[in-house]
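The letter at position 211 of the sequence shown is residue 211 when you use full-length UniProt numbering, and the numbering goes up by one with no holes.
I should point out that these hints are in silico values taken from the structure, not numbers from a laboratory.
Computed from a prediction, not measured in an experiment: that's the story for all the values here.
Backbone N, C-alpha and C fix where the C-beta goes; we use that ideal spot for every residue, glycine too.
Any given hint could turn out to be false.
Unchecked claim - 20 Å max Cα-Cα, derived SDA-like pairs, lysine to any residue: (1) 293 x 32; (2) 57 x 68; (3) 249 x 90; (4) 258 x 73; (5) 143 x 239; (6) 54 x 184; (7) 217 x 166; (8) 113 x 10; (9) 32 x 279; (10) 146 x 117; (11) 146 x 166; (12) 263 x 119; (13) 118 x 143; (14) 210 x 166; (15) 293 x 43; (16) 212 x 199; (17) 10 x 295; (18) 146 x 238; (19) 148 x 174; (20) 219 x 185; (21) 43 x 264; (22) 32 x 271.
Unchecked claim - So the derived label-pair ranges between C-beta atoms look like this: (23) 273 x 68: 44 to 54 Å; (24) 63 x 210: 14 to 24 Å; (25) 28 x 148: 39 to 49 Å; (26) 36 x 210: 42 to 52 Å; (27) 68 x 262: 36 to 46 Å; (28) 225 x 148: 12 to 22 Å; (29) 119 x 282: 40 to 50 Å; (30) 63 x 230: 34 to 44 Å; (31) 28 x 210: 23 to 33 Å; (32) 36 x 5: 46 to 56 Å.
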Amino acid sequence: MRKRVGKVNKFILLFYALLAIFFFFILTITVKEKAGKYLPLKKAAVLLADSAFKIVKAYRLNNGIPIDILNDPSETGLIGVPYSLITYEEVNLDLVKASLPANYAALFVELLKERRLKANDSLIVYFDGSFPALNISLLSAIKILKIKPIIFLSVASVAYGANLPNFTFLEILDTLNKAKIFDFYVDYALIGGYDEMGSGLSLAAREFIKEKVSFYKIKLITKEEKAAFFSKFKNKAFLEIAYNKINPKRWQAEYEIKEELFKGRLFYEKRYSLFLTVCFLAILLIFLYLIIKYDLEYYLFGKREEIYKEGV
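Required output: the full structure, derived from the provided sequences and hints.
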């Protein structure tokens, strides 16, 4: 074959580009969804979390605790107020809204399975009141996987969390236990706040939390006692869901957490045809080699000098 001398004709390049686009289109329309890891467990955990959310909402409405539809347009009942007695930090409302989807339960199933936790294994869990929906989602995953949690709770909350004095996470968990959704209890409680000991809260708030913890017959501990406990059991698996430990908005973006149940890559992964991809890539590479190596224009367009010499 006649070897190339000079530039490639623009019509050849245009054809090559259109061919590549056509191949990409074919790959796109033939893409298939493959079930993600642990799909049955993930779906079960999400359904449990969604059921728990509905029970919490019903409890709130039945007990005359209003839902602010401006701050909580989906009326989940899991959004608190901008400020209350037990609020220690102002935060953006969107941060708490990002924690609401029940699909987080699927993420927690995946995280716990990746830690090789099995039924009846122990897991140390540290919550605060800032993201009650995430707390519920994690407990849903724990229940589905039949893990035994040791629960620490800092009662105080940031803005828009479980920060209503009559609707803290203690009330939420108690409600879900009574509804037979969970059978989990807080083992140790801390006041909460910036230092877990009440910093950022008033004296009245600290006393209020102490009384509430006493009402639920939970052992109130200091941050030093908590640190000593964690040090003693440092080889056990550990998860923290607290304002100063995680960022739900980052998680939502990183793991593509959707509001609609069972949607997103945690449940189904898009897979392109490996066979078609290899075939199309081989065709494009061979064609590219021929374009660079040989004077295809000479054979495609004939010997018309004005076309043959045209290049880019």
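These are the hints, each one checked on the structure:
For the given pair, residue 293 sits about 37 Å from residue 32 by alpha-carbon distance, which is inconsistent with the 20 Å threshold. For the suggested pair residue 57 and residue 68, the alpha carbons sit about 12 Å apart, so the restraint of at most 20 Å is met. Taken as a hint, the residue 249 and residue 90 pair is honoured in the structure, with Cα atoms around 16 Å apart against an allowance of 20 Å. Restraint check for residue 258 and residue 73: satisfied, since their Cα atoms lie roughly 16 Å apart, inside the 20 Å limit.
A distance of roughly 15 Å separates the Cα atoms of residue 143 and residue 239; the hinted pair therefore holds under the 20 Å criterion. For the proposed pair residue 54 and residue 184, the alpha carbon gap of about 18 Å is at most 20 Å, so the pair holds. Between residue 217 and residue 166 the CA atoms are separated by roughly 17 Å; this keeps the pair inside 20 Å, and the hint holds. Proposed proximity of residue 113 and residue 10 is contradicted: the alpha carbons are some 55 Å apart, above 20 Å.
A hinted pair counts as satisfied when its Cα atoms are at most 20 Å apart, and residue 32 with residue 279 qualifies at roughly 18 Å. Restraint check: the Cα-Cα separation between residue 146 and residue 117 comes to about 10 Å, which is no more than 20 Å; the hinted pair holds. Our distance criterion of 20 Å between C-alpha atoms is broken by residue 146 and residue 166, whose separation comes to about 30 Å. Restraint check: the Cα-Cα separation between residue 263 and residue 119 comes to about 27 Å, which exceeds 20 Å; the hinted pair is violated.
Distance hint between residue 118 and residue 143 is fulfilled; the C-alpha atoms sit about 11 Å from each other, no more than 20 Å. Proximity of residue 210 to residue 166 is assessed by CA-CA distance (about 14 Å); at most 20 Å being required, the pair is judged to hold. With a C-alpha separation of about 55 Å, the suggested pairing of residue 293 with residue 43 is violated against the 20 Å cut-off. Of the supplied pair hints, the one linking residue 212 and residue 199 holds, its CA atoms being roughly 18 Å apart against a limit of 20 Å.
For the suggested pair residue 10 and residue 295, the alpha carbons sit about 13 Å apart, so the restraint of at most 20 Å is met. Between residue 146 and residue 238 the alpha-carbon distance is near 16 Å, which keeps this suggested pair within the 20 Å criterion. Of the supplied pair hints, the one linking residue 148 and residue 174 holds, its CA atoms being roughly 18 Å apart against a limit of 20 Å. Restraint check: the Cα-Cα separation between residue 219 and residue 185 comes to about 11 Å, which is no more than 20 Å; the hinted pair holds.
This hinted pair checks out: residue 43 and residue 264 have alpha carbons roughly 12 Å apart, not beyond 20 Å. Annotation: proposed proximity of residue 32 to residue 271 holds, straight-line Cα distance about 5 Å (limit 20 Å). Roughly 49 Å separates the CB atoms of residue 273 and residue 68, a value that falls within the hinted 44 to 54 Å. Distance hint check: the CB atoms of residue 63 and residue 210 are about 23 Å apart, consistent with the given range 14 to 24 Å.
In this structure, residue 28 and residue 148 meet the distance hint of 39 to 49 Å, their C-beta atoms being roughly 46 Å apart. Checking the proposed 42 to 52 Å range against residue 36 and residue 210 shows it holds: the Cβ atoms sit about 44 Å from each other. In this structure the supplied range 36 to 46 Å is violated for residue 68 paired with residue 262, their Cβ-Cβ distance being about 29 Å. Hint check: residue 225 to residue 148, Cβ distance near 21 Å, so the stated range 12 to 22 Å holds.
Between residue 119 and residue 282 the CB atoms are about 48 Å apart, so this pair conforms to the stated range of 40 to 50 Å. Look at residue 63 against residue 230: about 35 Å separates their beta carbons, and that is inside 34 to 44 Å. Between residue 28 and residue 210 the C-beta distance comes to about 60 Å, which lies outside the given range of 23 to 33 Å. A hinted range of 46 to 56 Å for the beta carbons of residue 36 and residue 5 is consistent with their spacing of about 54 Å.
Checked against the numbered hints given earlier, this structure breaks hints 1, 8, 11, 12, 15, 27 and 31; the rest are met.
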